[in-house]
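*Asks:* The chain contents come next:
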Amino acid sequence: MLVGTPFAYLLARNDFKLKEVIDAIIDIPIMVPHVLVGIMIVLAFSSTYGLGPFLQGIGINLIDTLIGAIITVTYLSATYSIRVVESAIKMINTDVELTARTLGSTPAFTFIHVIVPRIWKSIANGAILTWARAVAEVGALLVVAYYVYFNGNYVYPASIYIYEGYVALGLAGVVKYSAALLIIVLATFIIYRLVLRHIL
Amino acid sequence: MLLQLFNVDLTLGTFKLDSVTLNVEQQEYLIIIGRTASGKTTLLKTIAGAYRPSSGKILIDGSDITTAPPEKRNVAYVSQIFSSFDPMNVQGNIEFGLRARGVPKPERAQLMNGIVRDLGIEHLLDRMPATLSGGEQQRVSLARALVTSPKILLLDEPLSMIDPETKGPIIRLLKAIPEKYNIPVVHVTHEWDEAYALAGLIAVMHQGRIIEAGDPEQIFNEPRNYHTAKLAGFYDMHKGVATLTDSGSTIKLDNGLELKSRMKISGSVYACVRPEGVKIRTSNEFNNFEGRIVEVFREKFGFRIIININNIEFTALAGSKPTRGDIVKVTIPEDSVYVVPNTGI
Chain A
1 MLVGTPFAYL LARNDFKLKE VIDAIIDIPI MVPHVLVGIM IVLAFSSTYG
51 LGPFLQGIGI NLIDTLIGAI ITVTYLSATY SIRVVESAIK MINTDVELTA
101 RTLGSTPAFT FIHVIVPRIW KSIANGAILT WARAVAEVGA LLVVAYYVYF
151 NGNYVYPASI YIYEGYVALG LAGVVKYSAA LLIIVLATFI IYRLVLRHIL
Chain B
1001 MLLQLFNVDL TLGTFKLDSV TLNVEQQEYL IIIGRTASGK TTLLKTIAGA
1051 YRPSSGKILI DGSDITTAPP EKRNVAYVSQ IFSSFDPMNV QGNIEFGLRA
1101 RGVPKPERAQ LMNGIVRDLG IEHLLDRMPA TLSGGEQQRV SLARALVTSP
1151 KILLLDEPLS MIDPETKGPI IRLLKAIPEK YNIPVVHVTH EWDEAYALAG
1201 LIAVMHQGRI IEAGDPEQIF NEPRNYHTAK LAGFYDMHKG VATLTDSGST
1251 IKLDNGLELK SRMKISGSVY ACVRPEGVKI RTSNEFNNFE GRIVEVFREK
1301 FGFRIIININ NIEFTALAGS KPTRGDIVKV TIPEDSVYVV PNTGI
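Protein chains in written order, with my numbering: chain A, 1 to 200; chain B, 1001 to 1345.
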């Protein structure tokens, strides 16, 4: 939400040079296998390539860390949030904003008090889709954060744990984990829909 | 002058505002009229601050606001659609500008009460905007704009979404605004009747330029070019060549038809005739023709009929229903033939 919403507003309301390039970069997760995105991230941020040596110099490591995993799934999943919110903003007539602005409202005040109340449902929809997409991510995490060192332990992302379990133990060994993940995601979506209906 | 535009240029894609110059006085009611895509709304939004001119200057009360953001201009823009700020009720909508400016709550209530009394909408404050009629929505829009004490009120086709019965009271309300609130109003429309009823000054826009400006009577009775005449209700405008005569001029139309006019003019012209100037079955010394009725339309006042005279069509009005195909005698009195020079605009 924090990354996607401002980005969506920028894209929906502005024409600028290289907008098409930025649009295409946002869509990369839809265009290519996610393993490839993982490789791009490793090339950009590993200890020996790209920005990696610089980041390591200031104490930031993105490979096999929680922050690396978060950045990877955020990039891969934010596309959905950005596109959903961007469409919602485009549906709002620009006259509404101009009216508010001429009444003395700053761009920030207009965004918070005029735009957000009209798009909050799309923001919420985008957020839950993004979360679901992040939970489902395997390809890029296999490359960037196969396991994550967190709080003194090595933690596997759920999707990788299930995949590895299937490869090592076979079907019987991972059914219960798969079912647990499915139930959690399904329950979250059902609760979300019920809350949304209750609010509306 | 409260609002001044000097040679304002703006390019939006393929559309261009071309060297627009305007002067609006303190209590002026300016109507900017033009056909769809003539640039009138773009000009209004440029004054509001939505677009930044590529050259030229916009001054409000002597201050240059050409590059100022909308919230720093102290103008209030009322759009064609009702821009409700959901999910606020009417009171929330009206107070919005004051809240954005940080006006304390007691003062907000005082200012709002005054304006809603003026506009007769006290009973609507708790309603949600979506439940209001077109006329009520327009009153709320005006209240929301006027409560902020703007220096200029900008209206973008404010009557376009209102039913005909509600238009009368809203027109009265709009007409009173400049004097009552001591501000100028800039109102854009494509409706001639609306413009004529409200304007203190009319500016005609065509292809991004102001092609004519003046008082409404002058624009209505003596338009100086083709597009203004068309907007001012001259249904039939036929190209021809005028030659001077003792009493005015004779216009030879492209099909050979000759019309007499009292206007003294020569050269390439348009002969312009309003439907009420075309008389059926009467006689006159000049401009007597025979024509065939090719179409009949029902109107509030009776019937509007299209008559083909020598392959050129004229529009006339009739009280009783004529029959399509009838041959009729037509007179166009000399003083009903208005002539504008063919200048290409």
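In short, the hints are calculated from the structure, not lab data.
Be aware that one or more of the hints could be misleading.
Which residues of chain A face chain B? A few of them, derived with a C-beta cut under 7 Å, are [stated by the list, open to error]:
#1 V96
#2 S105
#3 P117
Mimicking DSS-like on lysine-lysine, the simulated pairs with C-alpha atoms at most 27 Å apart in a straight line are [stated by the list, open to error]:
#4 K1105(B) to K90(A)
#5 K1230(B) to K1180(B)
#6 K17(A) to K1016(B)
Ideal Cβ placement from N, Cα and C applies to all residues, glycine included.
*Asks:* All hints are to be evaluated individually against the structure, with a verdict given for each.
*Replies:* Here's how the hints hold up against the structure:
Because the beta carbon of V96(A) sits about 4 Å from the nearest beta carbon in chain B, less than 7 Å, this interface hint is met. Interface hint status for S105(A): upheld, as the beta-carbon distance to the closest one in chain B is roughly 4 Å, under 7 Å. Hint status for P117(A) relative to chain B: holds, with the closest Cβ pair at about 6 Å, below 7 Å. The hinted pair formed by K1105(B) and K90(A) fails the criterion: a straight-line CA distance of about 33 Å is larger than 27 Å.
As the CA atoms of K1230(B) and K1180(B) are separated by approximately 34 Å, the hinted pair breaks the 27 Å bound. Pair hint K17(A) plus K1016(B) holds up; C-alpha atoms about 21 Å apart against a cutoff of 27 Å.
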